[in-house]
Every structure is written in structure tokens, then in C-alpha cells.
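Engineer: With the hints as constraints, model all of the structure from the sequences given.
Protein chains in written order, with the numbering used here: chain A, 1010 to 1499; chain B, 13 to 121.
Hints are computed from structural coordinates only; laboratory data are not their basis.
For clarity, every value in this text was computed on a predicted model and none was experimentally measured.
Among these hints, one or two may not hold up.
[What the hints assert, rightly or not] Covered, in the sense of this in silico footprint (three residues per stretch, anywhere, with C-beta under 8 Å from a C-beta of chain B), are these stretches of chain A:
no., region
1, 1295-1303
2, 1339-1348
[As the list claims (entries may be wrong)] Pair ranges (Cβ atoms, derived):
no., chain 1, residue 1, chain 2, residue 2, range
3, A, V1020, B, E26, 54 to 62 Å
4, A, G1376, B, P87, 27 to 35 Å
5, A, N1336, B, E54, 34 to 42 Å
6, A, R1229, B, E26, 29 to 37 Å
7, A, A1406, B, A85, 39 to 47 Å
8, B, E26, A, W1016, 45 to 53 Å
9, A, N1336, B, A85, 32 to 40 Å
10, B, R46, A, Y1237, 42 to 50 Å
11, A, A1231, B, S42, 40 to 48 Å
All residues carry an ideal CB built from backbone N, CA and C; glycine is no exception.
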Amino acid sequence: MPRRIHWPLIVSFAFLAVVIGVLVAGGLWVQSTVANSFLDAERIGTARLLVEEVLRRQLDEETGIRGYAVARRATLLQPYYEARTALPATITRVMGVLENLHLQSAVAALEDAARTNRRWLQEVAVPLLASRSSRPALQFRGKRLVDRVRTDIASIETLLAGREAGSRLRAQQAVAWVDLFAIGAISAFLVAALIFAFQQYRLGLRVEEERTKAEEQRRRSAENRAAYVAEKRIADTLQRAFVQNVLPEPAMLRLGATYLPAAEEAKVGGDWYDALELPDDRVLLAIGDVTGHGIEAAVTMNRTRQLLISCALIDPNPGPVLERVNNELMRNESPMVTAIAALVNARDCEVAYAAAGHPPAVLLEPGKRARLLEVGSLPLGVLRDAAYQTHRVRSTAGALLVLYTDGAVEHSRDVVEGEELLLAAVESAAQASEADVAAAICHRIFADRKAADDVAILTLRFADGANGSTVIVEHDSQTLVAGGGRAGLV
Amino acid sequence: MNEGAIQTIRLAGELDLSRKREIRDAFALSNGARAVLLDLSEVVYADSTALTELLRFCAMAQGANIPIAILIAAPQFLRLVQYAGLATAFKVFQERDEALRYLSECAGT
Chain A
1010 MPRRIHWPLI VSFAFLAVVI GVLVAGGLWV QSTVANSFLD AERIGTARLL
1060 VEEVLRRQLD EETGIRGYAV ARRATLLQPY YEARTALPAT ITRVMGVLEN
1110 LHLQSAVAAL EDAARTNRRW LQEVAVPLLA SRSSRPALQF RGKRLVDRVR
1160 TDIASIETLL AGREAGSRLR AQQAVAWVDL FAIGAISAFL VAALIFAFQQ
1210 YRLGLRVEEE RTKAEEQRRR SAENRAAYVA EKRIADTLQR AFVQNVLPEP
1260 AMLRLGATYL PAAEEAKVGG DWYDALELPD DRVLLAIGDV TGHGIEAAVT
1310 MNRTRQLLIS CALIDPNPGP VLERVNNELM RNESPMVTAI AALVNARDCE
1360 VAYAAAGHPP AVLLEPGKRA RLLEVGSLPL GVLRDAAYQT HRVRSTAGAL
1410 LVLYTDGAVE HSRDVVEGEE LLLAAVESAA QASEADVAAA ICHRIFADRK
1460 AADDVAILTL RFADGANGST VIVEHDSQTL VAGGGRAGLV
Chain B
13 MNEGAIQTIR LAGELDLSRK REIRDAFALS NGARAVLLDL SEVVYADSTA
63 LTELLRFCAM AQGANIPIAI LIAAPQFLRL VQYAGLATAF KVFQERDEAL
113 RYLSECAGT
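Structural biologist: Following this line, the structure appears as C-alpha cells:
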């Protein structure tokens, strides 16, 4: 594309260069022609003056000799002698000028005149000076020789005049060329200007086109940005509305929760937690995470929460709750959801829970290390009629149960490392007996770092009292061992 | 059953949203495949998007009665698929030979 833009410019530059070259050469030619013509004129002028001098001196010689022949007085010979002495030098000078003018025929005529003059001197002047009489025959011969000299001189003058006229004509013609050059130059510049103007116009069109395109892009990206901001705002609003701010305060239990939104705006997702007080000192805890982000995730999250609570109100047994929720979600091609539902009995410190593809809950009992509770069932919304097992843990008073979403253990992308960090954070936060355990755990994991994904943490502490702690697996299904479980869901 | 009828799907590294297209393209049953070996021995991480694709593919293969063996080696990824119940619902192996033996047995019966 740029090449196609540039070639007319290159052509016009080359054209201008050629035109300027021709103009410069022509100008030099005109200048030298006119200068030559001036030089010629000067030389011709000099030649004329010298030729006149030749004539005058020749006349002086002749009149001197003629007068002497009649009167025989020596004083009359004065001009003759002067002329005779000066004439050869004058002729040499004329010769030089004529040779400079390259007028060969004039040179020949001058040579003839010089020769004739010498003959006149030898054959007429010298004998007349020696003779006593006027010798009419000799004088007649002298007149003929003088006439011949004059004819030669006249022919030289004619040749000079012709040369002058020719030289002037050449100069005039050369000057006439100047007009042509001027017209040529003006035309060339006009053509070049036209090409430039056309190029400028085309470039202008392109610039305009680019500008329009850029504006269109800006507009589109602004629209996208606006749409993104709008979606983000909606998702945020939904998310805020869904996060439970006020937790119930059941007897013998202390609940706490924290929610840390993702650092990246776009990553605000579908994490949630719920705590629902039930009769007989029981509490249903639920925590979950919808795959994906934005409005769809927020809407799915809300639907799953409502389903979960509705199912729990019918029968709070966690396994069957998740099975029902899963089948409901499967009916509506929902995104994948991971969750844990836990039914906590405050009277005997029992936790019954079922997990669906969710990271394991942490249990910290007094005097023991924090540990991860067993998990290992498919997320919700993957397989119809998937089975969800209810695990039962008999804990003790003062124990701390921590539910969380994957952001709390996947921040480094190494889950094993993430789990270790989480367990240490739970132990540390529990020891410090801070009022808000959930926030303390979150702070110990992230310190001042930003979370890449949303993080929700829900904690439950049993009030002081005493009870044993054992895991009982309900149903008769096999114990689940990682890597060895049989596909028992069909 | 000959080896040719076992479709091998191999993925490696960290599976996340940025590789969604590649992952989705990889998780496709080829025509005539009678068993699938999912070689994830070099995978160290999968985000929820990638896990969704993985789980949906496994569920689809199971629904089509095509035996599927999943090969996983990295401990941190093994932990992730344990969360996800992959090992509960499907066959997960840490050794290639065992995985191939399982697929052969499935074809034999």
C-alpha cells in the first residue's frame, strides 16, 4: 500500500529533476551564445577601426607619392613615410583579429591587400621616388594596384558585416529560446504541483479513512467497556445482595464469615455462604461456588442457594439435599457448582455434611492439629442422579469448623501448599482467639496480597461443653478413597 | 482390543481459562474410539472452567458406555480432582500400565 502511494511522487520528482537539468544546460548554452556574440561584436568593431586605419595609411602613402610626383617637394613625402612605417604593424593587428574571428576569406583578402601594397611600394612608389619625371604610365599602374587594395578592404568589410549580422541573429535566437525555457519550466512546475496536489488529496482521503476507523474502534471499545461496566455493576449488586451480612446467633454456637472479592473486577464470581437456624438447636451451613463469573454466575448462585434452603426445609439431611439440588440444576443446563452443606447439631456437637466437588472443610478441635474433613463427590450440575454421601463427625465443645471457597487454597495454584497454609492459618487464628476468626484466617493467608479469585470463609465454633469426635459414614456405600473409588453413580 | 481403538487425549501444564479453546478441542471423542486414555500426567493445575470441561467429557463418555481411564501424576492436581469427586465417579490411575490394563480388561469383558 505505501509503495502505491509513493510512486507518483517519485515520478514527479524524477520529471522535475530532468526538467531542471535541461533548463540549466539550456541556460548555460544561451549564456555562452550571447557572450560569444558580444565578444564577436567587440572584435568586429576593433577590426573595422583597424581596417579604416589600413585604408587611411594606404591613402596617406598614395597621396604622398602622387603629390611628390607633381611638385617634387620632399615635405610632401612626410605622410608617405609615416604610413609606410606604420602600415605593416596595423595589418598584423588586423590579421590577428580576423584570425580570432575565424574569417578565413577575410584573412585571404587581407593577405592579398598586403601583397598588393608591397607590390605598389616596389613597382610604383620606389620607381617614382627615384625618377625625375611624373611618369604617367607608372602612375596609372599605381592607381590599379591601389584600387585592388581597396577592393580587398571592401570585401573584408562586407565579410565583417555578414559576420556581425550572423552573430546577432544567433544571439537573438538564443534569447528566443529563453522564452521557450520559461514556458517549459512553468509547465513542468504546474505538472509537478498537480501531482503533489493529487497526492495530497489521496493522502488526505486515507488519513480521513484511518481516523474514521480509529474513531469507530474507540466507539466500539467504549461501548464494550460500558457493557462490561454495566454487567460488572449488576453482578456486583447481585453478589452484594446475596452475601449474608447478618448471621444468626443460635445458642451454643458462634458463627462468623468473611468475603474477600477478587482483585480483578472481571473475576467477581459466584461464591456464597448461608447459615440457617433450624429447630432443635440445629443450624444448616452452606457454602458454594459457581463456575464462571458475571451475571450468569450470580444468577445461578442465587438459584442454587434458594434450592438448597428449600430442600433443607423439607429434609435437612445434607446428602439428600445436594442430590435434589443437583437434579434440579441438571434440568436446566446450569453451570457447574461446587458446594458443601453441613447440618450442625449444637446439643451434641455433631456435624453432618455432604460435599459436591468442593474443597474440604477444616476442623480444629481443642488440643489437636487442624485437619481436613473427607470429601470426594462430583460437583453439582455435572451428572444426573449423582449420589452425595452424608458424612457425620462427632466433635467437641470449643471446636472450630471452617468452610471456605477454593480461592482460599488455590491462590498459588498448588493446592497441597494452599491446604498447608490454610491449616496453619486456622490454627494461628484460633489460638489468637480473635473476635472475627474468619477475617483473621483470611488475613493470615493473604496478608496484604490481593486475591486472584473471590474468597468466602464461614466459621462455626461450638460453645464450651464436652463430647467425643468420630466420623461416621451414613448409608452402606463404600468408604471413599482417593484414586480407588468405583464409579458408583450410574 | 488393539491399541488403535484407544483414543489418547493428552494435556499438560496448567489448565485455565486462557486455554479454554484448546481444552474444549482436546476433549472430543473421535469416531470409532472404543476406549479413552486421558493422559493428564503432566497437568499440575486446573481451574474450575477446565475441571468443568474435564468432568463433562468424562460424564459424556460414561453415558456413551465408553470406558475411560484418567492418568494423573502431580500430587497437587490429584488433590484437586479428589475435591472434584473425579476419583469417586471415574477411574483414576497414577501408572500408565495400570490404566492400559484397565482399558484392555474393559474391552475383554
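Engineer: What are the numbers of the hints that this structure violates, sorted from low to high?
Structural biologist: Hints that this structure does not satisfy do not exist here, as all of them hold.
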